[in-house]
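> Got two chains here, each in a separate frame; can you build the complex from them with the hints?
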Amino acid sequence: MQPLKPEQRRAILENSPQAQPADIDEYERLLSLRFAEDPDQEPAAAPDHTAQERALVGSQEEREARLKQLHAKLFGASENKKAKTAAAHG
Amino acid sequence: MAFVEKVMRVGATKPNPFTICIVANPALEAPWKSGIVIPDPIMGQLAAFQAAATYIDSALFGLLPGQKEVLLADPAILPFIRVLSLYDDGLSPALANALVGQDSSSFLLVARRNVFVAFLSRYEIQADVVYAVSASVSHTRASAWCTTDDDAGDGIPFMVDFGQLFHRFNCTIPGTVGIHATACSLTALHEFGHAVSSYSNGSIVDLYVDSNPALNNKLGRPIPAGFATYNATPFASDGARDGIGYPSDWRSYHCELVDSSRPAVMDDYYQSTTGPEACLHDQITKRFIRDRLLAKINRP
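Line by line, the protein sequences give chains A and B. Residue numbers for the first sequence follow the working numbering, so the first one is 1 and each next one is one higher. Residue numbers for the second sequence follow the working numbering, so the first one is 1001 and each next one is one higher.
Chain B with its partners taken away, still in its complex shape (with noise of 0.2 Å):
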C-alpha cells in the first residue's frame, strides 16, 4: 500500500493558500448516480497518476509545449497558488471514496462533487478546485462543475450586465474535475475553466455549444458590437467566433477573442490549425479568472 502526499507548489505562506488539489480517484459509482462502487484502476498505479498530476500542472500554468495561455503563470498569481497531489491506495472501495462516476449517458468522468469536502478534510485539506484523476476502462472523457461560493461570507463586488456579483473569498463545495489520467492538450486548462467559475456569481460555459447564458456566453441574432460591460470596462463580441464561425442555427454568441485566428480555449481548442495549445482565453473570460484569482490569492 502507499500514500504519498506531495507539494507541487507552495504557494502563498498563509493559513488558506488558493489551493489546487490533484487526487488519485480511490473508487468510481459505476454507473454514476447507481450506488455501485468499483476500486478505480488508478489505484496501484502510482507512476501513472504522477504523470497526469504533473500534465494537469503544466497546462494550468502554461508549460505544454507550444502552449500560448499562460494566465495562471502571471508573476501576480502563480507563486501564491499552492498545488498538492494526493495518492492513497489504501482505501475501501466505498461510496465516500469514490470521488468519480462513470456516466451512463455518455463516456464522461463525473466528479461526485458532494464528497470532495469530507474526503479531503480526513487529510487535513481544503481546496478551492479539485481534479479527481481516474484510470477508468472505459470512461475517458473529462467533465467539470463549477464553485459553490460561500455567498454568506465575504468577497470582492464588482459589477456585470446583470448587476452585482461578487468574487467570493470562499467555497461551500470546490471546483470539481473528473479527468482522465491520459488527458492531454489543453483539458486540464479547459476544465479549471468552468471550475474556478461559480454556480451564483458568474459560470463559465462550454462555447463550442449553444450554451445557455452565462458569464462568457450571451444569446440574441443580430450579434450586438457590444458583449458586456465589466466592472465598467466595456467588452466588444466576437461577431463571427472567428477560427471558427457561428452555426446558423445558434443563438449563442462570445465575447472578443485576444487572438481572433484561433477558437477560444473555452471552445472547440481541438479545431485550432496552428494546435489547441495555441488557443487563449477570449477577453472577458480572462478578466474575469484573473480577478477571481486575486480575489482569493488575496483572502484575509
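Bound-form chain A, shown alone (with noise of 0.2 Å):
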C-alpha cells in the first residue's frame, strides 16, 4: 500500500480538526493490515502469525467497521467540503 505523503498527512490534520495523528497512524495500520492476510484464506494459513497476534488486530469485521469509522472522522469535513464546493460550482 502506497504510503501517505507527508503533505496528505498535514492536508488531514488541517481539514479535520477533530482528526488526532494517533488516528491518522491507527488507520494506516488496519488498511495496511488488510493486505497482510490472504482475503481467500483463513488467517490459520499464514505461517508467519501466531494467534494471539490475530488475536490483538480483531477480526476481519471488526477492522473493517473500525476503518469506516475512521474514514469518516478523517476525510469527512473535506468530503463535506469538496461536495459543498462542487455544489457550488454546480
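A hint or two may mislead.
[To be verified] In the EDC-like style, the derived pairs of lysine to aspartate or glutamate whose C-alpha atoms are separated by at most 20 Å in a straight line are:
| no. | chain 1 | residue 1 | chain 2 | residue 2 |
| --- | --- | --- | --- | --- |
| 1 | A | 5 | B | 1088 |
| 2 | B | 1033 | A | 64 |
| 3 | A | 5 | A | 62 |
| 4 | B | 1033 | A | 7 |
| 5 | B | 1033 | A | 61 |
| 6 | A | 5 | A | 23 |
| 7 | B | 1033 | A | 62 |
| 8 | B | 1286 | B | 1256 |
| 9 | B | 1033 | A | 38 |
| 10 | A | 5 | A | 61 |
Just so you know, the hints here were simulated from the structure itself, not pulled from any lab data.
Here is the structure:
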C-alpha cells in the first residue's frame, strides 16, 4: 500500500480538526493489515502469524467497521467541503 | 476502439517466462464489493496508459532519475523477465472486466484479485504479477495483494526462522496491484515488493506502520541484535530504523538496511531526505525477492 505523502498527512489534520495523528496511524495500520492477510484463506494459513497476534488486531469485520469510522473522522470534513464546493460550482 | 498488446520486454525464450503484465483497467467496481460497475476513465486514454506502463517498467528496472534500487536490473534477472502491456477499450463495463475497485473506506484502488486469471486467459496471458492501471477521478492511492502460490506444485525449498518454506514456481492467483495512471516515484516498485511475495511462503509487508510479523517484519522489545536466519545466513536487526526511527509505542522491528541513511523501499520512502528514489530494500527483503525471482525464472 502506497504510503501517505507528508503533505497529505498535514492536509488531513488541517481539514479535519477532530482528527489526531494517532487516528491516522491507526487508520494506516488497519488499512495495511487488510492486504497482509490472504483474503481467500483463513488467517491460520499464514505461516508467520500467531493466534495471539491475530487476536490483538480483531476480526476482519471489526477492522473494516473501525476503518469506516476512522475514514469518516479523517475525511468527513474534507468530503463535505468538496461536496459543497462541487455544489457551489454546480 | 483500440486493442494494443505490446511486448515491452521479451524475457526468457521459454514457454513460461516470469511475466509481469500491465493492464489498462476496463471497469471500476465502485464502491469496491458493491457489485456496481462503471467504465474506468483510463479507457480512451491510450497515451496516458502507455505513459503509466513506461513509468512502471522504469521503476521496476531502476530507470527512474536518481533511482538507486536496481535489484531487477541484475544481469541474472533482467533479461529473463517478460513485460507485457495490454489495452483493450472494446470491453463492456462488467464485473468480469473490473480489475480494480474503489475502496469506500479510503482512497485506495484495490485489485479485484479473483478475476485476473480468467480475464488474462482471454488474451492467452499467464502472469506472475499484474498491475491494473486506473484513471479513477476520486481514488489515486495504490495497493497490492501478495501472490497466492500453487503449493501443490514444485518449488525451491528455503529455511527461515519459522521453518521450511518454498519459492514456488507457479501461482494460483498472481500478485495483483491496483495503481493510478498518475503514480510516480517508487510506488510501482514498493507495490511489486508486496505482489511478488507470498501469503503462504513469506509475505513482504509495509514497514511504515506497526505491522504484523512477516518475512521483513518482526515483533518485540527490546530489539534483538539478530533479525532472522535465512538459508543459514544470519541477518541483523535494524535497531534504530535508521533514517526515520521507531515510534515509542511500536512493537515492530525490521531487518538491517543496505543504506542506513535512508528508509527502506517498503518503509515510508517519502521521508527520505535525499528523495524517495535513493531508497533501497532492506537486506532480507532484497535477498528474498532475488531468490524468489530466480526460482521462478528458472522454473521447468
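> Now tell me, hint by hint, if it's right for this structure.
Now for the hints, and whether the structure bears them out:
For the hint pairing residue 5/A with residue 1088/B, the CA-to-CA distance comes to about 32 Å; that exceeds 20 Å, so the pair is violated. Between residue 1033/B and residue 64/A, the direct Cα distance comes to roughly 12 Å. Compliance with the 20 Å bound is thereby established for this hinted pair. Proximity of residue 5/A to residue 62/A is assessed by CA-CA distance (about 27 Å); at most 20 Å being required, the pair is judged violated. Taken as a hint, the residue 1033/B and residue 7/A pair is broken in the structure, with Cα atoms around 30 Å apart against an allowance of 20 Å.
Restraint check for residue 1033/B and residue 61/A: satisfied, since their Cα atoms lie roughly 14 Å apart, inside the 20 Å limit. Restraint check for residue 5/A and residue 23/A: satisfied, since their Cα atoms lie roughly 16 Å apart, inside the 20 Å limit. This hinted pair checks out: residue 1033/B and residue 62/A have alpha carbons roughly 17 Å apart, not beyond 20 Å. With a C-alpha separation of about 11 Å, the suggested pairing of residue 1286/B with residue 1256/B holds against the 20 Å cut-off.
Among the hinted pairs, residue 1033/B with residue 38/A is consistent with the structure: their alpha-carbon atoms are about 16 Å apart, no more than 20 Å. Between residue 5/A and residue 61/A, the direct Cα distance comes to roughly 28 Å. Violation of the 20 Å bound is thereby established for this hinted pair.
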